[in-house]
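Chemist: Each chain, written out:
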Amino acid sequence: MATPPNVSNADFNKVLAAWRQTVGADWVFTSPEDVALYRDAYSPYWGEKEERVASAAVAPASVEEVQAVVRMANQYKVPLYAISTGRNLAYGGSAPVYSGSVVLDLKRMNRVLEVNQPNAYALVEPGVNYFDLHEHITKAGLDVWIDPPDPGWGSVIGNALDGGGGWTASPFRDHFGAHCGMEVVLANGEIVRTGMGALPNSKSWQHNRWGFGPWVDGLFRQGNYGVVTKMGFHLMPRPEAMQTVTVQVTREADVIPLVDTLNLLENQHVVNGSTSLGGGQPGAGGNAGATAWSASLPIYGPEKVVRAQVEYCRDKFSKIADARFTEGELFRTPLDAATLARVRKVSFGIPDLSTFGLLGRNAANPSPPGGHVDFSPILPRTGEAVLEFMRLYREKLPELSEGGALRILGPVFMTNWDRTMVALLMFPIGRDPQMNGRMRNSFRHWVELCAEHGWGEYRAPAVFQDDVAKAYSYNNHSLRRLRETIKDAVDPNGILSPGRYGVWPKHLRKV
Amino acid sequence: MKCAMTMLLLAAGCMSAHAAEPMAPASGEAVYKRWCSHCHSAGRGNPGTESLQVKYGGKVPAVLLDRTDLDSAAVKVFVRQGVLSMPPFRKTEITDAELVALGDYISKKNAKP
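Protein chains in written order, with the working numbering: chain A, 6 to 516; chain B, -4 to 108.
Incorrect hints may have been included.
[Claimed, not checked] Capping the alpha-carbon separation at 25 angstroms, the derived lysine to any residue pairs in SDA-like fashion look like this: (1) B:Lys50 x B:Pro83; (2) A:Lys54 x B:Lys54; (3) B:Lys54 x A:Ser372; (4) B:Lys50 x A:Trp51; (5) B:Lys50 x A:Met440; (6) A:Lys350 x B:Thr90; (7) B:Lys28 x A:Arg347; (8) A:Lys350 x A:Ser299; (9) A:Lys82 x A:Gln122; (10) B:Lys86 x A:Arg347; (11) B:Lys28 x A:Asp341; (12) A:Lys208 x A:Pro262; (13) B:Lys28 x A:His141; (14) B:Lys50 x A:Leu411; (15) B:Lys50 x A:Pro371; (16) B:Lys71 x A:Gly362; (17) B:Lys28 x A:Leu147; (18) B:Lys86 x A:Met440; (19) A:Lys475 x A:Leu487; (20) B:Lys28 x A:Pro339; (21) B:Lys28 x A:Thr35; (22) B:Lys71 x A:Thr35; (23) B:Lys86 x A:Glu70; (24) A:Lys54 x A:Pro371; (25) B:Lys28 x A:Ala342; (26) B:Lys28 x A:Glu53.
Rather than coming from a laboratory, the hints here were simulated on the basis of the structure.
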């Protein structure tokens, strides 16, 4: 049995015995084969001494059990690493940031506590994934949609807390932005409810996210100041229809008016779906009539309104010379089975796992390494930024992909959040330490390179979180120091998820 | 806590409140539907099926439930160790007892629906 760093065997055994009393012996995992299930299946350090691994795992089933587990850990200074469903693959999975931490596995807390149709919200526990919530809503016959990210097995709470996004309409696809109220267990075991939830007998916990006084919810997004045990989310009433329009331009520089127009329509809330931008390949647009860039703009709403919005979009894009405007099929919801079988389900509020086909074994790639990690720099939503990124990408890719040998995929310009886009690169990860090492070197170079251009990542795999956090260095790392001050105040023993997103407790700080 | 939450919801007058019981699949079929079907069913958008089609080139069925060569031991290895982009599944997701039921179901020891 492994022991957490700086914790004696005797103390750890006392803690484990107490936890077994609290959660039941079946839900405290210490054998090597059970603990191995918490390894990050896509770890860039798989099998190397730097791989982040747990010492044990404990799985409470209620908030009271979470309190008892955390109190015991705090007494004996045992580091915990909280996971919801542990499916944050490509960004760390279920493995801790700080090796030797005990994984606090919240998967057994899997209740959908409420789905309210008139005010369109849900209140869930951390173990609820998108499949669960969708199934619950479907069985109850409620007329609201969820907003799934690509992997439907992800936790609704966990995805939001990691900063994830989905694919339906604004504002629901910014998952943290769509939350409303949370319940948190602090390092001392105390329960806090945020927003209106702080009012005993509150009647509006999931209706109003702000409450009274300073808003603290943001501390728990990518944070390590508490264990979130409940969270509310606003849901989208099922839209009557959805239609996607596509706009293609032939000149590379036309990405500037293309994105400007797209922004205008999105910021006017004429276009509310998750837009996308494709193209930018070297040589594209060089031939007369060839497409240099293509944007797609989904619109959700009542059919008559959608049709009017489409016409408004057509008019706006007609100002770009030679732009080709194409109306896609208008879908009326709910979709029938035949239609459902040919569309991208997540765009219709239905979770799936089809995205894993992209980097899994497929006809185009019969021998993939298996996993991947994502590199996700945030760019301002302008055509100029896209062109600047593409210039850098074309200049540096030959060197940083080792002439293509690393098979880095991307960039995919993701526009889940308004006013920004993510220039996503995907790095294949497997079981070959030598190849993984080359991937890591390349990943870290991209972090530095993008930081030099003013682009920072919105999220990162656990093993790269320090690298990314280091780039956010304005005024001698004043933001990091503020976060450390808060960490020391609310978690003085530093037991909650040490190192998560670059925030370390005092005794583990390297600088 | 659950009682307190229920009272809170009733007090709030939420007419469409739906408090669910913990979702704990017990049968092999339920475990399959919950954890395997999203990747291993027939049709478009099933990466597990696509992967097995490429791996075996049609020599064995790509859809998991059409296989006749998988025994419980093989199911256990894949579930607990994972393969390629399929991660292993923890005991908080599929318990040992559920894994036995799943192995029985996939290896046809249980009657198929």
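Chemist: None of the hints should be skipped; say for each whether it holds.
Modeler: Against the structure, the hints:
no. : hint                : verdict
1   : B:Lys50 x B:Pro83   : 19 angstroms, holds
2   : A:Lys54 x B:Lys54   : 40 angstroms, violated
3   : B:Lys54 x A:Ser372  : 18 angstroms, holds
4   : B:Lys50 x A:Trp51   : 24 angstroms, holds
5   : B:Lys50 x A:Met440  : 23 angstroms, holds
6   : A:Lys350 x B:Thr90  : 29 angstroms, violated
7   : B:Lys28 x A:Arg347  : 21 angstroms, holds
8   : A:Lys350 x A:Ser299 : 22 angstroms, holds
9   : A:Lys82 x A:Gln122  : 44 angstroms, violated
10  : B:Lys86 x A:Arg347  : 34 angstroms, violated
11  : B:Lys28 x A:Asp341  : 21 angstroms, holds
12  : A:Lys208 x A:Pro262 : 47 angstroms, violated
13  : B:Lys28 x A:His141  : 15 angstroms, holds
14  : B:Lys50 x A:Leu411  : 22 angstroms, holds
15  : B:Lys50 x A:Pro371  : 7 angstroms, holds
16  : B:Lys71 x A:Gly362  : 23 angstroms, holds
17  : B:Lys28 x A:Leu147  : 22 angstroms, holds
18  : B:Lys86 x A:Met440  : 31 angstroms, violated
19  : A:Lys475 x A:Leu487 : 14 angstroms, holds
20  : B:Lys28 x A:Pro339  : 22 angstroms, holds
21  : B:Lys28 x A:Thr35   : 29 angstroms, violated
22  : B:Lys71 x A:Thr35   : 20 angstroms, holds
23  : B:Lys86 x A:Glu70   : 18 angstroms, holds
24  : A:Lys54 x A:Pro371  : 30 angstroms, violated
25  : B:Lys28 x A:Ala342  : 18 angstroms, holds
26  : B:Lys28 x A:Glu53   : 35 angstroms, violated
The structure fails hints 2, 6, 9, 10, 12, 18, 21, 24, 26 (numbered hints given earlier, in ascending order).
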